[in-house]
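K.L.:
With chain A fixed as given, assemble chain B onto it according to the hints.
Sequence lines, in order, name chains A and B. To convert, note that position 35 of the first sequence is 35 in this note's numbering; the numbers rise steadily by one, no gaps. To convert, note that position 290 of the second sequence is 290 in this note's numbering; the numbers rise steadily by one, no gaps.
Be a bit skeptical, because a hint or two may be false.
So the derived list for chain B, only partly shown, Cβ under 7 Å to chain A, looks like this [to be verified]:
1) 8
2) 108
3) 129
4) 191
5) 193
Here are some chain A residues pointing at chain B (derived, C-beta under 8 Å) [claimed, not checked]:
6) 48
7) 49
8) 51
9) 53
10) 73
11) 91
12) 98
13) 101
14) 109
15) 123
16) 124
17) 129
In silico negatives: residues of chain B with every beta carbon more than 10 Å from chain A [as the list claims (entries may be wrong)]:
18) 53
19) 250
20) 268
Derived from the structure by calculation, the hints contain no laboratory data. Idealized CB from N, CA, C, for every residue including glycine.
Number of protein chains: 2
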Amino acid sequence: MNNRIGKQTICFKTPISIVNSAAVGGKEESEGPLGKYFDRIFPDPFLGEDSWERAESRLQFNAVNTLLEKSKLSASDIDMMFGGDLINQCTSSYFSARDLKIPLYGIYGACSTMAEALHLGSMAIGGGFANNVVAVTSSHFCSSEKQFRFPLEYGGQRPPTSQWTVTASGAVLLAPSGGECEITHITTGKIVDMGISDASNMGAAMAPSAVDTLKAHFSDTGFSPSDYDLIVTGDLGVLGKTLLCELMDRENIDISPYYDDCGCMIYDIESQDKHCGGSGCGCSASVFSAYLLELLKKRKITRLLFMPTGALMSPLTCQQGENIAGIAHAVRIVAKGAEV
Amino acid sequence: MNNRIGKQTICFKTPISIVNSAAVGGKEESEGPLGKYFDRIFPDPFLGEDSWERAESRLQFNAVNTLLEKSKLSASDIDMMFGGDLINQCTSSYFSARDLKIPLYGIYGACSTMAEALHLGSMAIGGGFANNVVAVTSSHFCSSEKQFRFPLEYGGQRPPTSQWTVTASGAVLLAPSGGECEITHITTGKIVDMGISDASNMGAAMAPSAVDTLKAHFSDTGFSPSDYDLIVTGDLGVLGKTLLCELMDRENIDISPYYDDCGCMIYDIESQDKHCGGSGCGCSASVFSAYLLELLKKRKITRLLFMPTGALMSPLTCQQGENIAGIAHAVRIVAKGAEV
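Bound-form chain A, shown alone:
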């Protein structure tokens, strides 16, 4: 069991290579500070389809297709894909995998799904079970609002703590070698429930799980925040980001010099009027695929801790008075060959 360190962490004896990535997004995402890093922008929120759900499925299909094109691979070269989304029964992922004809393992981790896909994909590669693995997730503002909150036509007012579901998809190609970035460690999250039950305050619901996973990661690996150039959660948003720093301070761990959050990075929150920032599986997936991996490739950073967080709830569980629990999975990624 020499790949396992501590209680929740896997250290890959041979790091997993991130060979390539692709990100596609909508108009709002193109207008944010990271817009220029996206591979493809779809100004039409329907992507030529007749429902928001089909539109989201096309987002994911296009992200994977763009990834394959960039990688000069065809769908039949992919051994397996790990895909998920926020839509009931993960239909966006399944319908896009159907059209791509790639063997799929459907996963659900709310907004932590991209981390889960990277974890499972890394284990598949690291165990010698696959040569080419795709990790992909998506979200769409309109399909999510409709499903989790109100129909768009209702024009419901958004509370100040609310976040804006990102219309985007990110896809990553993992392989035993060949990329400029490498996954060296993964820390599996536990579910943390601190009694939050406000579905418009996801940041508060998820921050405690981020604390839990960060503590486990540092404890298991012996790393400290200064061993990273960047620690990025996705997507606690403005409020959750502040909460995480405060909660970590109570643990006497100061992450603030190295810390940012995908939900705070993807939009110009003030001018784009996004309240507490971005959210949704597609938020951390696209920020990671479009921007964070670019920082590593360009050696602007060499050591990244990527930790998407998920809020575990459904409209039904909220109506039934259940708390919203959180989960966060961490992925350590380094620039290949850098002194780390």
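P.N.:
What follows is chain B alone, placed relative to chain A:
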């Protein structure tokens, strides 16, 4: 990449051990032919809770707890759990994992979820990434009917092709060694869409995907049906079972002497008035955990191909006129040390 054979199959150099299993079910399941194999029966469909969804979560919690008791392990001994269910946002699994405090990877594969959990758990063990892994899924007749079809109070008439969602949960403990049954091969399924759109005819929707995965399994491994004592799908039901045999006949592969289906096994279909038989993640999970592994342990069979099938749809995609696609993942399990 010496663990991979053919296009879709993994052959574990060191087989993965199935150390233990547990199955819990409801009253109807206890009255079926496999009732006596269940570890625990809950005559109250609410399990003391106040909603069907909470009841399902308790089913899963109790399956895992029973598994831990039987294995003389505590929750903290489990490195990771792969869990899923049919309920929106997989809340039954997440809420049960929250109470168990076990690191969770949430998965969604409709009724194929138990196979997916066994696949991913086997890769985690086989790669040296975990010592103890739990694979668990559940379904509940009342939570599923409410979500996918009609409120129970409505008393809707069930068409003859309909199946009955099983109220049960099955949990399996995987480890590098220590059990009497071993997973030697897994074949990852592709999504197959043959244009079925009737949500009350899941068997027809899923049978083509079972054909696809069976063909891939036989082609990748060189095995033929006679290399198995039992090939068990879950849960095509009466109609889907007949369809699968017919479709395989067209491929000149006769599986009928070795073949059965979890949906046809769990109930006495005639006397229990279950139309086309059982369905739901909990069907194949509980038949496998309660009965099929027992057959292997007792050496009544030594070579099993377990292949749960999933129907990929949601009430919304059906309303939007989407087809119901299918997926099937196959798991080859042998009695340890038997001549196979």
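K.L.:
Hold the hint about residue 48 of chain A up to the distance rule: shortest CB distance to chain B must be less than 8 Å.
P.N.:
It is violated, given that the least Cβ distance between residue 48 of chain A and chain B is near 15 Å, above 8 Å.
K.L.:
The hint names residue 101 of chain A as touching chain B; please verify it with the least Cβ-Cβ distance against 8 Å.
P.N.:
holds, 6 Å
K.L.:
Mind checking the CB of residue 51 of chain A against every CB in chain B and telling me if the closest is under 8 Å?
P.N.:
holds, 5 Å
K.L.:
Close enough to count: is the Cβ of residue 8 of chain B nearer than 7 Å to one in chain A?
P.N.:
Status holds, d = 6 Å.
K.L.:
With 7 Å as the cut and Cβ atoms as the points, is residue 193 of chain B at the interface with chain A?
P.N.:
holds, 6 Å
K.L.:
Under the criterion of a CB-CB separation shorter than 8 Å, is residue 91 of chain A in contact with chain B as hinted?
P.N.:
Given a least distance of 5 Å, the restraint on residue 91 of chain A holds.
K.L.:
Tell me if the interface restraint on residue 53 of chain A is satisfied: Cβ within less than 8 Å of some Cβ in chain B.
P.N.:
holds, 7 Å
K.L.:
The hint names residue 49 of chain A as touching chain B; please verify it with the least Cβ-Cβ distance against 8 Å.
P.N.:
violated, 10 Å
K.L.:
Checking a non-interface call: every C-beta of chain A should be farther than 10 Å from the C-beta of residue 53 of chain B. Is that right?
P.N.:
violated, 7 Å
K.L.:
Residue 191 of chain B was flagged as interface toward chain A. Is the shortest Cβ-Cβ separation under 7 Å?
P.N.:
This hint holds: residue 191 of chain B lies near chain A, its Cβ roughly 4 Å from the closest one there, short of 7 Å.
K.L.:
Given a cut of 8 Å on the nearest C-beta pair, is the interface hint for residue 123 of chain A held or broken against chain B?
P.N.:
holds, 5 Å
K.L.:
Just checking, residue 268 of chain B versus chain A, shortest CB gap more than 10 Å?
P.N.:
holds, 30 Å
Comparing the model with each numbered hint stated earlier shows that hints 6, 7, 10 and 18 do not hold.
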